[in-house]
Structures are given as structure tokens and as C-alpha cells.
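S.K.: Sequence:
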Amino acid sequence: MFGYYVPYDPTSWASLEAQADKIDYVAAQWVWIDACGNLSSQDDLTLLRFARAKGIRVLPSLLTDSGWMNHRLLTDEPTTARAIQNLVDYVVDVGYDGLDLDLEGVNATDRAVYTAFVARLSAALHKKGKLLTAALPAKASDVTTGWAGAFEYAALAPHLDLAVIMTYAYTTSSTPPGSTAPHDWVDRVISYVTTQMPPQKVLPGIAFYGYDWNVTTGGKARALRYPQAAALSDKYGVPITLDTTSRSATFTYTARAGDVPPPDPKLPALDHEIKTRSRPPCPVATATPSPAPTPRPSPTPPPVQQHVVWLEDAKSVLQRVNLAEKHRTGGIATWRLGQEDSGVWAVIREYRQGR
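Heads up, the sequence shown is in our numbering, so the first residue is 43 and it goes up one at a time.
Don't read these hints as lab results, they were simulated from the structure.
Please note: incorrect hints may appear among the correct ones.
Label-pair distances were calculated between CB atoms; the ranges are [to be verified]:
hint, residue 1, residue 2, range
1, 242, 384, 26 to 36 Å
2, 242, 151, 23 to 33 Å
3, 185, 84, 29 to 39 Å
4, 234, 335, 30 to 40 Å
5, 107, 56, 18 to 28 Å
6, 119, 146, 39 to 49 Å
7, 149, 234, 19 to 29 Å
8, 60, 311, 17 to 27 Å
9, 296, 196, 28 to 38 Å
10, 303, 242, 41 to 51 Å
Glycine is no exception: its CB is placed at the ideal position from the N, C-alpha and C atoms.
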């Protein structure tokens, strides 16, 4: 069980602390890189000590989401070399078990240089006895364009200790409503991936989140943790059901203009020991973002508004765990700790006991 952790939401810690006996790896998003290959981080030493005591391996997860930034890291040799050296030194200095690489938005044309970067980083980490894992976009064939085009599973396999396949985000907040991880799509993705790399290296990702689409007014969906979705279900008196086609959880409700969503109780901020790492100045100019569009006046909202919610609950997670068992993968991964239906942990416990 490989769980992603975020420091900005205390529910991530609450989940880790309560379910530590069911978690093998924690990938923590608290390290960042700039266009010069320099790092900054907010390392949670309290979490690190807790994980050590529980036998959980900790990997900082390096997330990027800029095609421009990724291209520079992968193609500018001085930056590439500096980034790899800094990442290895960081992992060794803090005492992590390895590194999780989550470069998102890599240009499809950077396919070869991404693989080369992973190979160099892997060799450098393995030389120090450290692991390299990576989060990879999901695809059911070797497409070479689009979001997943840069990621060649077969070429990456020899260099990765584990590959988290992001078998979610089939729909997003910007798409029409639907399951984020339709069962047949997840099945096809895992079936393909396990022909490209050893199944024991493959960790299918399971979404712990959902979306609420207002299909009357349109626009982006609102992201939800499971407890928020359950509160909506209770407020409007509609059950959460398992869709027989996608095998994801869903419900619909009717709201009135001005309805306020149920409050999402906030946990207090964590009082953890944090080690701050600052990076030196980088003289490289970053890409200039496009100017924000001029806001338009909001129309008068319709008095009655239909909503559709899609999410994953314990029943739908079981369906995806069964696919991991079917394809004999090395385990499962989750995005992310703190968003889940508490019932998923019984499913995960049984899955681990059966391995």
C-alpha cells in the first residue's frame, strides 16, 4: 500500500496516524525544484520518526506540472546534472528511503529525454542504496501524443523500483460528469501496463476523491473528499449508490439557489517539527503565464439546480482492488491520504492479508 501525503491538509496526517499498520510507503509532497535544478523543502521530521517506528518507508514526492519547466530539467545538461545531484544528496542527507518522481505535463516530444533522465536518476539513487518510484499517467496502449505520450512504460521499467499508474482522472473538474476511474478502463490500463513491465513493479492508483458537477449552471466541478460527499448525500436525503457500468459511486441531488454546502470540519494545524530547506536564487526567467481573462458578470442563478456527484467509496474501491489482484500487481497506490471513505481501510486490510 503506497499512499500519497500532503502537508497542507491535516487529514492526511490523521489518516496516516490511524491506519499506519496498513501502509507500506508514504510519498510526501513537500519538496520543490526550480528551473536551475535547485531544491527547497519542508521536511516533516515528526512524520519521518513516526514512519520509522511503524516500519513505513518514506519517499519525498517531487511534483511538477509545467511543460516548460520539465523540458528544461530534461534537456539542459547543466540543469539536469545539478537536479540529479541535488535530489540524491537531499534523499541521503535527510535519510529517506528513496524518491518518488511525479513530473506531470511532460511534453510528448520529450519522451526520450524523460526516459534518459529517469535512467540517470535511478542509477545515482541505487548507487546510494535508495529507491526510485514514479507516478505515470495511465494509458491502455503506447500512445505517443497527449498527456501520457512522454511515458514509455517498457523503457522505464528497468529503472524503476515501483511505478504508480495514475488510473484515475479519466474525468476531471473540467470535463462532463462521470467516473474518474471507470472499471473497464482501469482493467484495460492495468492489463496493458503489466505486459510492459513486471507486474510486481506496478501499483494501480485508486482515487480517494470525487467531484460535484452543477449540471444546470455548468462550469467546473467542485472537488470533494468522501466525508464532504457523504454530508451532501445526508443533507439532500439521497443514497450513494454503486453504478453498475463504471462500478464507481454516484448520486444526484437537487439544490436551490443560495444553498450552502454542509461545512467541512477543519482539523487543527499540526504541531510537527519541520526542517526548512531554502534554495539559492535562480537567474533563469520562468515562463510568463497567460493573463487571466476579464471576468464576466455572473448571471442570475436558476432557482433550482441539478447536481451529479461521482466519487469512490469502500464498495467501489473493492472493485479496483480486485483488479489489482486479478493482474497480480505489486500492490496499490492511493491519491490521497485523508480524502477517503473510512470503510476503505477494511478493504485494504483484507487485500494485504491475502497477499
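S.K.: Each of the hints needs a verdict: does it hold here or not?
M.R.: A quick look at each hint next to the structure:
A beta carbon spacing of about 29 Å between residue 242 and residue 384 agrees with the range 26 to 36 Å that was offered as a hint. For the pair residue 242 and residue 151, the supplied restraint of 23 to 33 Å holds, since their beta-carbon distance comes to about 31 Å. Distance hint check for residue 185 and residue 84: the Cβ-Cβ separation is about 36 Å, which falls inside the suggested range of 29 to 39 Å. Range check, residue 234 to residue 335: about 38 Å between beta-carbon atoms, so the 30 to 40 Å window is met.
The hinted window of 18 to 28 Å between residue 107 and residue 56 holds, with their beta carbons roughly 26 Å apart. The supplied range of 39 to 49 Å is broken by residue 119 and residue 146, whose beta-carbon atoms lie about 23 Å from each other. The given range of 19 to 29 Å is respected by residue 149 and residue 234, whose C-beta atoms sit roughly 22 Å from each other. In this structure the hint that residue 60 and residue 311 lie 17 to 27 Å apart at CB holds, the actual value being about 18 Å.
In this structure, residue 296 and residue 196 break the distance hint of 28 to 38 Å, their C-beta atoms being roughly 49 Å apart. Checked against the given bound of 41 to 51 Å, the beta carbons of residue 303 and residue 242, roughly 42 Å apart, stay inside it.
Checked against the numbered hints given earlier, the structure breaks hints 6, 9 and satisfies all the rest.
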